[in-house]
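4 protein chains.
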Amino acid sequence: MVSNDGTARAVAERFRLGEGPTRVFGIALDDIGPGRATTSMILGADALNGFGAAHGGILFTLADTAFAYACNSRDVTTVAQSGTIAFLSPGRAGERIVADASEIALAGRSGTYQVVISGEDGRVIATFQGVSRATGGTVLNQVQG
Amino acid sequence: MVSNDGTARAVAERFRLGEGPTRVFGIALDDIGPGRATTSMILGADALNGFGAAHGGILFTLADTAFAYACNSRDVTTVAQSGTIAFLSPGRAGERIVADASEIALAGRSGTYQVVISGEDGRVIATFQGVSRATGGTVLNQVQG
Amino acid sequence: MVSNDGTARAVAERFRLGEGPTRVFGIALDDIGPGRATTSMILGADALNGFGAAHGGILFTLADTAFAYACNSRDVTTVAQSGTIAFLSPGRAGERIVADASEIALAGRSGTYQVVISGEDGRVIATFQGVSRATGGTVLNQVQG
Amino acid sequence: MVSNDGTARAVAERFRLGEGPTRVFGIALDDIGPGRATTSMILGADALNGFGAAHGGILFTLADTAFAYACNSRDVTTVAQSGTIAFLSPGRAGERIVADASEIALAGRSGTYQVVISGEDGRVIATFQGVSRATGGTVLNQVQG
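These protein sequence lines are chains A, B, C and D, in that order.
Here my numbering is used: the first residue of the first sequence is 794, the next is one more, and so on.
Here my numbering is used: the first residue of the second sequence is 794, the next is one more, and so on.
Here my numbering is used: the first residue of the third sequence is 794, the next is one more, and so on.
Here my numbering is used: the first residue of the fourth sequence is 794, the next is one more, and so on.
Since the hints were made in silico from the structure, they are not lab data.
Please read all numbers here as calculations on a predicted model, not as lab measurements.
Do not take every clue at face value.
[Unchecked claim] Now the in silico label distances, taken between C-beta atoms and shown as ranges:
| # | chain 1 | residue 1 | chain 2 | residue 2 | range |
| --- | --- | --- | --- | --- | --- |
| 1 | A | E806 | B | G837 | 18 to 24 Å |
| 2 | C | A900 | D | A821 | 36 to 42 Å |
| 3 | D | G799 | C | R916 | 34 to 40 Å |
| 4 | B | L933 | A | L933 | 47 to 53 Å |
| 5 | C | R809 | D | E913 | 51 to 57 Å |
| 6 | C | T928 | A | G887 | 31 to 37 Å |
| 7 | C | R902 | A | L933 | 30 to 36 Å |
| 8 | C | N797 | A | G929 | 47 to 53 Å |
| 9 | B | D798 | C | L933 | 45 to 51 Å |
[Said to hold, decoys possible] Computed, partial: chain D to chain B, Cβ under 8 Å:
| # | residue |
| --- | --- |
| 10 | L881 |
| 11 | A898 |
| 12 | T920 |
| 13 | Q922 |
Think of the CB as a built atom: it goes at the ideal place given N, C-alpha and C, for glycine as much as any other residue.
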C-alpha cells in the first residue's frame with residue numbers, strides 16, 4: 794500500500810539523518826515497505842579488511858541498516874537484540890553490493906528478519922538473521938529530525 | 794611468550810595497513826597475543842545509529858576486528874565463517890568502548906571465539922561469538938604490506 | 794524434478810534409519826526435495842521443558858533434522874557447522890508443529906539454510922538459520938543401511 | 794555462597810521434574826550455582842544422528858538445559874530468546890559429554906550465557922551462546938511441583 798510504504802520511507806529517512814555509517818559508506822536506500830527494506834553500497838577502500846575483501850563488520854553494517862529500516866517500518870520503535878551473519882563469498886573491492894531485508898515473523902514485541910547480501914553478479918555474499926524487540930513509542934515522534 | 798606475542802602483533806599490524814574501518818573509526822589495537830586481542834574505539838558521530846547510540850554494525854565491526862586478530866594470531870591464514878552478536882546495553886556518543894576477544898576452542902581448521910564489548914563504566918554493551926576457518930598459508934607471506 | 798526428489802528422499806530415508814531423535818520424538822518427514830525438507834512432530838511430554846512448553850532443544854532438533862535433510866538432499870555429504878534459533882512463541886503440549894527448511898544460498902562447500910517452525914494455528918514458534926559444509930563423498934554410499 | 798547455591802539447585806530440581814529430555818536422555822545436573830550450571834549425558838543410540846555421531850539437536854538440548862538452569866538460578870523466571878551453537882568435533886556413540894554454562898553478562902532483563910560442551914578426552918565438541926530474557930515472577934512459585 795502506498796500509505797504504508799510512505800510511513801516506512803518516512804521512518805527510514807528520519808533514521809538516515811543521524812546514521813554515521815550511512816554517511817561514511819554511502820549506503821543507499823533502494824526500496825522500503827512494511828517489513829522490508831533494500832540497501833546498497835559500493836565497496837570502497839574504507840570498507841575493506843586486511844585481505845582486501847569486504848570487511849565482515851561492514852557487511853554486517855549494511856545488513857543491520859536494512860534490518861533496522863524493515864523492523865521500524867510500521868513506525869513502532871524497535872531495536873535489534875541480536876544478529877547472526879554467515880559469510881559465503883568475499884565481497885570485492887569496487888563492487889556494488891545489495892542487502893535485501895524481509896520479515897520472517899512477528900510475535901508480540903519480538904520479530905525475526907532475514908537479510909541476504911548479494912554481489913553484482915548475483916552471487917550471495919552473506920546471509921543474516923536478526924531478532925528485534927519493540928520498545929514502544931514511535932520513531933517519527935522520538936528521533937530528532 | 795614474547796615470541797608468540799611478537800608474531801601475533803606482526804600479523805595484526807600487517808592487517809591494519811589495509812583495514813578501512815580501522816582508519817575510519819580510529820580502532821586501536823590495545824593488546825594482542827596467541828588466541829586473543831583487545832581493540833578499542835571512541836564512539837564518534839560516524840559510529841552512531843538513527844537513535845544516537847552506537848550502531849550495531851559498528852559494534853560488530855569492532856568485535857570482528859578483534860576476532861580477526863585473535864584467530865590469525867599464530868600466522869595461519871584464517872577467515873570468519875559466521876558471527877553472532879547480542880546487544881545488551883546501548884553504546885553512548887563520545888564513549889570509549891573496548892572489545893576483548895579470546896579463543897574458546899580450536900578443532901582442526903575450525904575455531905570459536907568470544908568477544909565482549911564493554912563501556913567506560915565497565916558495563917557490557919554486547920557479546921559476540923565467532924566461528925573461524927583456517928584456509929592455509931600465512932598472513933605475513935600473503936597480505937601485501 | 795522427480796529424479797532429484799527421489800535422490801533427496803532416498804538420502805533422508807537412509808538417515809532416518811539411524812536417527813535416535815526421529816525415533817524418540819516421532820519426527821515425520823512430510824516433504825523433501827532438492828534444497829528443502831519439511832519435518833513435523835507432536836509435542837508429547839518427552840518434548841516439554843520445565844515450564845510445560847516445547848523444550849528449546851527439541852525445537853532445535855526438529856529444525857536441525859529438516860536442515861540435515863535439505864543440505865544433504867543432492868547426495869553430497871554435508872554437515873552442520875553452526876545453527877542459530879530464535880524463539881518467538883511457546884510450543885504447546887499436545888500440539889503438532891512443522892519445520893520448513895529451505896536453502897538460502899550455496900557457495901563452494903558452504904551453504905546457508907532457513908527453517909521456520911510453525912504451530913497448528915499457523916503462528917511462528919521459532920526461526921532458525923543454519924550453516925553447512927560439504928565434506929565430500931555421498932550419503933547413499935557412506936551411511937550404513 | 795551456600796544459600797545462593799541452594800536457591801539455584803532448588804530451581805533446577807523443580808525444572809527437572811517436568812523436563813522430558815532430561816528423562817529421555819538421562820541428563821544429569823552435575824553442578825549449579827548463581828549464573829552457572831553443568832549438565833552431562835551419555836551419548837546413547839537415542840542421541841545419535843544418521844552419521845552415527847551426536848545429533849546436533851541433542852547437543853543443543855544438553856547446552857540449552859544447562860543454560861536454562863544458569864539463567865534461572867537466582868529464581869527470577871527467565872526464558873531463552875535465542876541460541877547459537879557451533880559444532881567443532883563429533884560426539885561419539887557411548888561417550889559421556891559435559892556442558893558447562895556460565896553467565897557472560899546481565900543488563901536489565903537481558904542476559905547472555907556461554908556454554909562449552911566437552912568430550913571424555915577434554916576436546917571441545919561444541920560452543921553455544923544464548924540470550925535470555927527475564928519475564929518476572931519466580932520459578933519456585935510458578936512451576937508446578
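Hint by hint, here is what the structure shows:
| no. | hint | in the structure |
| --- | --- | --- |
| 1 | A/E806 <-> B/G837: 18 to 24 Å | holds, 23 Å |
| 2 | C/A900 <-> D/A821: 36 to 42 Å | holds, 41 Å |
| 3 | D/G799 <-> C/R916: 34 to 40 Å | holds, 39 Å |
| 4 | B/L933 <-> A/L933: 47 to 53 Å | holds, 52 Å |
| 5 | C/R809 <-> D/E913: 51 to 57 Å | violated, 28 Å |
| 6 | C/T928 <-> A/G887: 31 to 37 Å | holds, 34 Å |
| 7 | C/R902 <-> A/L933: 30 to 36 Å | violated, 46 Å |
| 8 | C/N797 <-> A/G929: 47 to 53 Å | holds, 48 Å |
| 9 | B/D798 <-> C/L933: 45 to 51 Å | holds, 50 Å |
| 10 | L881 | holds, 4 Å |
| 11 | A898 | holds, 3 Å |
| 12 | T920 | holds, 4 Å |
| 13 | Q922 | holds, 4 Å |
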